[in-house]
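Undergrad: So the protein lines, in turn, are chains A and B.
Heads up: take any position in the first sequence, counting from 1, add 352, and you land on this note's numbering.
Heads up: take any position in the second sequence, counting from 1, add 21, and you land on this note's numbering.
To be clear, the hints were calculated from the coordinates, so they are not data collected in a lab.
Each hint can be trusted.
Residues from chain A shown here face chain B by an in silico Cβ test under 7 angstroms; the list is partial:
# : residue
1 : PHE460
2 : THR483
3 : PRO589
4 : SER629
Listed below are the simulated PhoX-like cross-link pairs for lysine-lysine, each with C-alpha atoms no more than 25 angstroms apart in a straight line:
#  : chain 1 : residue 1 : chain 2 : residue 2
5  : A       : LYS493    : B       : LYS56
6  : B       : LYS23     : A       : LYS467
7  : A       : LYS576    : B       : LYS30
8  : B       : LYS245    : A       : LYS493
9  : B       : LYS249    : B       : LYS239
10 : B       : LYS245    : B       : LYS56
11 : B       : LYS87     : B       : LYS147
12 : B       : LYS109    : A       : LYS375
13 : B       : LYS239    : B       : LYS56
14 : B       : LYS87     : B       : LYS239
15 : B       : LYS30     : A       : LYS547
We put the CB at the ideal spot given by N, CA and C, even for glycine.
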Amino acid sequence: MPTQMTNSSSITPPKRGFMQRIKHHLNELIVTAPSFLWMVIFFLIPTVLIFALSFRSTAPGGGIGDTWTLHTWQTISNPSYPEIVWRTIWLSVVATFLCIVISVPCAFAIARASKKIRHFLVGLIILPFWTSFLVRVFAWKTLLHPEGLISKLFITLGFIQPTEQLLYNSGAVLVVMIYTYLPFAILPLYAAAEKFDFSLIEAALDLGSTPLRAFIQIFVPGIKAGIYSATLMVLIPALGSYVVPDIVGGTDSEMVGSKIYQRAIPDRNLPHASALSALLFLGVLVPPFIAWCFIRRRNINITETEAVEAAITEENKRNKSKGGVRK
Amino acid sequence: MKRMQNHSKVVLWAVIIFFYLPIIILVVNSFNADKYCGSWDGFTLHWYEELFRDREIWHAMGNTVKIALTSTLSAVILGTTAALAINKWKGMIQNAHYGLIYTHLVLPDILMGISILLFFVAIGLKQSLFTVYLAHTTFCISYVAMAVLGRLQDFDNSILEAAQDLGANPWQTFWKVQFPNLLPGIVAGGLLAFTLSIDDFVITFFVAGPGSDTLPVKVYGMIKRSPKLPIINALSTILILITILAVVASRMLGRDEKKS
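I would like the entire structure built from these sequences, with the hints used as guidance.
TA: Pasting the structure below:
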């Protein structure tokens with residue numbers, strides 16, 4: 353992330369001539385405008401539309417009506433929605449938690465491996481992540497299918513009754529969510545574990561700590577930054593899940609994403625779909641906000657030093673460029 | 022320490038088996054004569070034969086390639102200029118610029134899909150291959166910009182100063198000094214954008230119109246409706262093969278670069 357702490361006025365030396373200043377801004381405008389305008393038209397305006405259209409009436413033929421109304425938001429609070437919202441939250445939170453619990457030992461194992469094996473292991477973790485998302489979800493559908501391998505195995509072992517379904521329930525959704533999001537958790541945790549000083553664990557063991565205690569009290573806090581980013585990397589897409597509940601879930605494991613799709617495409621009730629999307633949008637802003645509060649409160653000293661350091665390097669850069677390029 | 026390592030290794034290998042087992046079973050089942058893939062009924066290429074006879078799949082494949090090529094090309098240009106602008110100038114405009122590109126990466130796909138659909142409906146643009154192209158270019162820009170920005174941040178700006186001190190004009194400085202240095206970042210971002218465009222389902226599903234189905238949209242339709250699951254196994258196997266080849270190829274390219 354670039355450190356963006358200065359404003360344009362400090363970059364433009366005040367003694368410059370009027371024409372030069374215009375030219376400087378014109379250059380910026382020419383390079384910035386294409387991508388900036390593209391993102392405003394195809395990202396910012398559509399995002400604002402999500403909120404705006406949720407206050408529009410529904411046209412009878414499907415689509416968007418001409419008048420403003422609060423009706424859609426009133427129907428959102430009807431009994432079936434709070435249940436779906438609640439399910440979306442608990443499925444996402446449990447999936448995120450389990451992903452992290454599984455990924456922490458993985459990150460430990462990869463970080464402790466020799467350099468050559470480390471690259472190989474990271475490659476092994478990334479490769480399935482490159483195969484089509486739909487294909488991976490579909491693979492689970494065939495496994496959990498009543499005639500599929502896992503169902504047959506479980507029936508033989510007596511885990512389930514032959515009449516029981518493994519597919520189309522919240523359990524299946526949870527397993528497949530963990531399957532698809534696990535690489536998102538392993539990679540940031542590994543990045544953090546790689547920088548971890550493992551002699552700290554040896555010190556703890558020498559001082560008489562049990563291995564488990566050293567792992568939980570030394571290693572886990574040591575990769576805290578990785579845990580924060582892994583949580584966000586899994587939780588945000590999990591909250592917006594649509595494909596997983598749609599393919600391996602049933603009617604009692606629908607999530608907000610499933611409802612957005614149903615309202616937007618088969619029902620063609622766009623105001624309703626936008627109200628649900630607005631809700632999801634606000635929902636995905638919550639986890640980063642909490643993380644931000646946490647980081648701010650805990651490491652306030654560190655962030656301040658970092659800010660000062662960043663300011664100094666920025667200043668140096670600017671002095672250099674004043675003497676060089678921008679003269 | 023040794024014991025901790027052994028325990029964590031067990032978890033790691035269990036996870037790797039968990040990752041690969043479904044995929045391996047899927048590939049094996051694409052050659053399985055049994056329609057429900059419950060047991061092994063003998064080797065067959067029947068499902069592949071049926072797959073190659075399906076014209077709609079070839080049509081969807083063509084759409085996928087068209088979209089991936091055009092949107093990657095547009096995104097490579099727009100993403101690179103975006104990264105250059107964000108890196109060079111500071112201030113409110115560039116903060117907003119960076120914010121837009123970064124936020125787009127973070128938000129769930131379904132929000133991107135629904136918002137851009139609402140936009141197309143609001144301005145009265147009919148859903149077609151063109152709307153798919155617009156949507157794909159939008160998310161590809163973010164990936165390319167991030168890859169190029171990463172490269173720019175490692176770049177030593179004093180080289181540019183040296184070039185200018187030695188009399189190069191800004192145009193020459195860019196094309197002869199900065200651009201060759203950025204090229205690996207641009208290629209990496211472009212490859213990433215290309216793969217993600219080929220793989221994208223959720224966003225495409227919202228903005229695709231009749232006849233503009235891409236391969237993932239077609240596969241989804243088959244998963245939901247087709248009674249012949251093994252055909253999807255065969256198609257998935259081909260997709261997996263293409264992915265592995267692409268990853269291996271890009272690794273080999275990367276290795277060559279490092280050597281030279």
